[in-house]
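> So the protein lines, in turn, are chains A and B.
According to my numbering, the first sequence is numbered sequentially starting from 154.
According to my numbering, the second sequence is numbered sequentially starting from 7.
No lab work stands behind these hints: they were computed from the structure.
Treat the numbers as computed from the prediction; the structure is a model and nothing was measured.
Warning: the hint list may mix true and false statements.
Said to hold, decoys possible - Not close to chain A: a few residues of chain B, all C-beta gaps over 10 Å, as computed: (1) E92; (2) D338; (3) V369.
As the list claims (entries may be wrong) - Listed below are the simulated SDA-like cross-link pairs for lysine to any residue, each with C-alpha atoms no more than 20 Å apart in a straight line: (4) B:K340 <-> A:D275; (5) B:K88 <-> A:A182; (6) B:K340 <-> B:R360; (7) B:K340 <-> A:R246; (8) B:K133 <-> B:L65; (9) B:K264 <-> A:A238; (10) B:K88 <-> A:I295; (11) B:K264 <-> A:A175; (12) B:K340 <-> A:R271; (13) A:K218 <-> A:G241; (14) B:K340 <-> A:Y255; (15) B:K340 <-> A:D184; (16) A:K190 <-> B:K312; (17) B:K340 <-> A:A182; (18) B:K88 <-> A:R246; (19) B:K264 <-> A:G294; (20) B:K340 <-> A:A181; (21) B:K88 <-> A:P237; (22) B:K340 <-> A:V189; (23) B:K340 <-> A:P186; (24) B:K264 <-> A:P237; (25) B:K264 <-> A:I295; (26) B:K74 <-> B:A396; (27) B:K264 <-> A:V293; (28) B:K264 <-> A:R306; (29) B:K340 <-> A:P274; (30) A:K218 <-> A:V185; (31) B:K340 <-> A:V293; (32) B:K264 <-> A:Q228; (33) B:K181 <-> A:V185; (34) B:K264 <-> A:A302; (35) B:K88 <-> B:D130; (36) B:K312 <-> A:P274; (37) B:K88 <-> A:Q303; (38) B:K264 <-> A:A207.
Just so you know, even glycine gets a beta-carbon here, dropped at the ideal spot from N, CA and C.
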Amino acid sequence: MTRRMLVLLLLCCTLPVFARTAPLESLAAADVPALVKPPAHGERIIALWALDCAYCEPNLAALVKLQRTHPRDVQLVLVATDGPAMRGAVAARLDHMHMTNYPARLYAEPNPERINYRIDPDWGGETPRTLVIRADGTRVGISGELTLAQLQRIEP
Amino acid sequence: MKRIGCLFLLLCFAAVPVAFAQDGMHMAGMGHEPELGTSAAFDAHGRLWLVTVRDGHVLLQHSDDFGKTLSRPVEVNQVAEKIYDEGENRPKIAFGPQGQIYVTWSHPLAGPWTGYVRFARSLDGGKHFSAPVTVHHDLARITHRFDALAVDGHGRVVVAWIDKRDEVRAEAAGKPYLGAAIYYSWSDDGGKTFAPDRKLMEHSCECCRIALAREPDGDVAAFFRGVFGDNIRDHAFAVLRTDGKAVHVERATFENWKIAACPHQGPGLAIGSNGVLHGVWYEASHGPAIWYGQLDPGHPPTHVLKIGGPGAGHADVAVRGRDVWVVWNQVDAKGYRLMLRGSHDGGDTFDAPRVIADSDVAVYSPQLLVHDGHAFVAWNTANGFRLVAAHSTPGKTP
Chain A
154 MTRRMLVLLL LCCTLPVFAR TAPLESLAAA DVPALVKPPA HGERIIALWA
204 LDCAYCEPNL AALVKLQRTH PRDVQLVLVA TDGPAMRGAV AARLDHMHMT
254 NYPARLYAEP NPERINYRID PDWGGETPRT LVIRADGTRV GISGELTLAQ
304 LQRIEP
Chain B
7 MKRIGCLFLL LCFAAVPVAF AQDGMHMAGM GHEPELGTSA AFDAHGRLWL
57 VTVRDGHVLL QHSDDFGKTL SRPVEVNQVA EKIYDEGENR PKIAFGPQGQ
107 IYVTWSHPLA GPWTGYVRFA RSLDGGKHFS APVTVHHDLA RITHRFDALA
157 VDGHGRVVVA WIDKRDEVRA EAAGKPYLGA AIYYSWSDDG GKTFAPDRKL
207 MEHSCECCRI ALAREPDGDV AAFFRGVFGD NIRDHAFAVL RTDGKAVHVE
257 RATFENWKIA ACPHQGPGLA IGSNGVLHGV WYEASHGPAI WYGQLDPGHP
307 PTHVLKIGGP GAGHADVAVR GRDVWVVWNQ VDAKGYRLML RGSHDGGDTF
357 DAPRVIADSD VAVYSPQLLV HDGHAFVAWN TANGFRLVAA HSTPGKTP
């Protein structure tokens with residue numbers, strides 16, 4: 154075996170453990186104020202999604218694309234509204250969607266209603282929900298898979 | 007070789023914290039933190055029955071003291087299997103005319119959103135259950151889930167569910183398909199065998215519970231969220247015919263809530279002995295709202311009343327004679343309140359909203375049960391199951 158092949162083999166063996174670069178953190182009701190605090194500049198997009206929701210995957214993909222277009226001005230946080238018992242399934246779905254490079258959160262309560270309400274009282278829990286919090290403190294909340302016009306509206 | 011050794015060590019050290027993080031994730035995802043999905047029902051003798059899920063088993067318990075103490079759990083399915091018990095997926099329970107106990111649940115398969123609707127029955131008062139069977143004849147590994155269970159006036163076991171066979175077929179043909187579909191089946195032999203799957207409606211919402219209730223003539227009717235036109239997620243009503251006649255589905259709510267999303271909130275239905283269809287439903291065309299109305303399928307409902315706005319969710323409705331009850335969860339930053347509105351004139355007018363229980367910990371959707379003319383609310387919480395009498399006040403044992 155050549156040196157180069159050995160290095161390649163070692164790299165291949167360790168790649169799977171590098172797959173998730175951002176940990177899947179729990180989001181308790183008490184953590185919400187920090188999550189929704191306006192960013193220092195640009196905007197934070199909180200992408201709320203759920204395992205049951207087939208509309209969420211294309212919506213997350215569209216938001217990832219938007220963030221990549223504005224890497225300095227958009228912080229993207231992926232928040233799964235599924236409860237703690239679904240942690241394994243949520244992590245697997247994020248891996249499957251190749252969305253492991255973004256900060257990801259998972260609700261810490263088995264019923265999402267209280268955390269939903271703390272994030273946005275004008276939201277009844279439908280997913281996907283996109284919440285944009287701008288540095289000036291203004292907010293935009295949109296339920297449903299974002300249309301092209303809505304994506305343009307939330308661009309920084 | 008020394009350089010390679012260094013590189014190997016570096017890679018190992020760099021990988022350690024991530025590997026631990028992954029392990030922690032998988033440990034926590036083993037399903038030891040129970041979900042709250044629960045169903046309850048009173049049998050003909052006034053005994054309260056409860057189905058919950060733990061470690062791949064549907065568990066059956068009963069109570070003869072209105073939920074204060076629960077019997078030792080009996081495993082409905084002897085062999086553990088994955089069971090949907092979060093969101094609006096929960097096991098269901100119903101009784102046959104000779105005291106049979108029927109239980110359904112949805113069993114997830116490998117792919118996202120997939121599942122089989124499962125059924126088991128007990129003929130000895132809940133001591134033993136038959137081996138579970140899959141209700142639908144279509145065994146494609148696609149969506150068949152969000153089961154709903156009822157027994158009709160002739161003792162037939164009726165099961166409805168959300169099904170994606172038409173969506174899968176359309177997708178394979180390169181055609182767009184909005185939402186899923188509602189299918190149903192029934193059993194004429196007490197759950198031994200089920201009739202071939204029957205389509206109720208194409209284009210339903212994908213993850214909202216289906217509400218079933220019995221009409222005065224004994225037929226079972228369904229109220230569920232459909233997809234009308236271009237993603238308008240209003241509700242439909244239909245009788246689940248078991249006599250070979252054509253099903254007749256009609257739109258029953260008309261808020262025109264257009265959205266490509268999962269509302270995760272299905273409706274509630276109760277049918278009076280006079281045939282009045284009492285419905286409760288969620289929509290957010292102008293902000294989150296829970297509505298009560300008397301359904302007039304094909305036309306907008308009458309006696310429409312806004313039950314709740316922001317923070318209100320997962321309502322249920324029950325009727326007995328002229329009494330109508332509506333309950334829902336009201337959440338705020340502190341916790342949950344179980345709310346009730348009562349009517350004594352058949353739903354024409356309602357009393358002011360009342361708090362009948364509260365909880366600092368997570369709760370499941372409330373389920374209204376009527377026993378001996380009195381309303382009770384089955385309310386599962388992270389601190390345990392509670393049966394709350396409609397006349398209760400928070401902090402007091404009902």
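> Indicate, hint by hint, whether the structure satisfies it.
Checked hints:
1. With a closest Cβ-Cβ approach of about 6 Å to chain A, B:E92 is found to fall inside the 10 Å limit, against its non-interface label.
2. Its beta-carbon lying about 7 Å from the closest one in chain A, B:D338 breaks the requirement of being farther than 10 Å from that chain.
3. A beta-carbon of chain A is positioned within 10 Å of the beta-carbon of B:V369; the least distance is around 6 Å.
4. Under the criterion of a C-alpha separation no larger than 20 Å, the hint pairing B:K340 with A:D275 is consistent with the structure, at around 17 Å.
5. Only pairs whose Cα atoms come within 20 Å are accepted, and B:K88 paired with A:A182 is rejected, the gap being roughly 28 Å.
6. Proximity of B:K340 to B:R360 is assessed by CA-CA distance (about 18 Å); at most 20 Å being required, the pair is judged to hold.
7. Only pairs whose Cα atoms come within 20 Å are accepted, and B:K340 paired with A:R246 is rejected, the gap being roughly 31 Å.
8. Our distance criterion of 20 Å between C-alpha atoms is met by B:K133 and B:L65, whose separation comes to about 12 Å.
9. For a cut-off of 20 Å, the pair hint linking B:K264 to A:A238 is broken: about 31 Å separates their Cα positions.
10. Distance check on the hinted pair: B:K88 and A:I295 sit about 33 Å apart at the alpha-carbon level, beyond 20 Å; violated.
11. For the proposed pair B:K264 and A:A175, the alpha carbon gap of about 35 Å is over 20 Å, so the pair is violated.
12. Distance hint between B:K340 and A:R271 is fulfilled; the C-alpha atoms sit about 9 Å from each other, no more than 20 Å.
13. This hinted pair does not check out: A:K218 and A:G241 have alpha carbons roughly 25 Å apart, beyond 20 Å.
14. Using a Cα cut-off of 20 Å, the hinted pair B:K340 and A:Y255 is violated, with the two alpha carbons roughly 30 Å apart.
15. The straight-line distance between the Cα atoms of B:K340 and A:D184 is roughly 14 Å, inside the 20 Å bound, and the hint therefore holds.
16. For the hint pairing A:K190 with B:K312, the CA-to-CA distance comes to about 32 Å; that exceeds 20 Å, so the pair is violated.
17. Among the hinted pairs, B:K340 with A:A182 is consistent with the structure: their alpha-carbon atoms are about 9 Å apart, no more than 20 Å.
18. Note on B:K88 and A:R246: the hinted pairing holds, with a Cα-Cα distance of about 17 Å set against a maximum of 20 Å.
19. For the suggested pair B:K264 and A:G294, the alpha carbons sit about 16 Å apart, so the restraint of at most 20 Å is met.
20. Taken as a hint, the B:K340 and A:A181 pair is honoured in the structure, with Cα atoms around 12 Å apart against an allowance of 20 Å.
21. Taking the CA atoms of B:K88 and A:P237, the gap is near 16 Å; set against the 20 Å cutoff, the hint holds.
22. Using a Cα cut-off of 20 Å, the hinted pair B:K340 and A:V189 holds, with the two alpha carbons roughly 18 Å apart.
23. Distance restraint check for B:K340 and A:P186: the Cα-Cα separation of roughly 14 Å lies within the 20 Å cut-off, and the hinted pair is therefore satisfied.
24. Distance check on the hinted pair: B:K264 and A:P237 sit about 31 Å apart at the alpha-carbon level, beyond 20 Å; violated.
25. For the given pair, B:K264 sits about 13 Å from A:I295 by alpha-carbon distance, which is consistent with the 20 Å threshold.
26. Distance hint between B:K74 and B:A396 is fulfilled; the C-alpha atoms sit about 16 Å from each other, no more than 20 Å.
27. As the CA atoms of B:K264 and A:V293 are separated by approximately 18 Å, the hinted pair is consistent with the 20 Å bound.
28. A C-alpha spacing of about 19 Å is found between B:K264 and A:R306, which places the hinted pair at or below 20 Å, so the restraint holds.
29. Between B:K340 and A:P274 the alpha-carbon distance is near 13 Å, which keeps this suggested pair within the 20 Å criterion.
30. At roughly 25 Å between alpha-carbon atoms, A:K218 and A:V185 are farther apart than 20 Å, so this suggested pair is violated.
31. Among the hinted pairs, B:K340 with A:V293 is inconsistent with the structure: their alpha-carbon atoms are about 24 Å apart, more than 20 Å.
32. Between the alpha carbons of B:K264 and A:Q228 the distance comes to roughly 29 Å, so the proposed pair goes past 20 Å and is violated.
33. Of the supplied pair hints, the one linking B:K181 and A:V185 is violated, its CA atoms being roughly 41 Å apart against a limit of 20 Å.
34. Using a Cα cut-off of 20 Å, the hinted pair B:K264 and A:A302 holds, with the two alpha carbons roughly 16 Å apart.
35. A hinted pair counts as satisfied when its Cα atoms are at most 20 Å apart, and B:K88 with B:D130 does not qualify at roughly 26 Å.
36. The straight-line distance between the Cα atoms of B:K312 and A:P274 is roughly 17 Å, inside the 20 Å bound, and the hint therefore holds.
37. At roughly 38 Å between alpha-carbon atoms, B:K88 and A:Q303 are farther apart than 20 Å, so this suggested pair is violated.
38. Restraint check for B:K264 and A:A207: satisfied, since their Cα atoms lie roughly 16 Å apart, inside the 20 Å limit.
Going through the hint list in order, the structure does not satisfy hints 1, 2, 3, 5, 7, 9, 10, 11, 13, 14, 16, 24, 30, 31, 32, 33, 35, 37.
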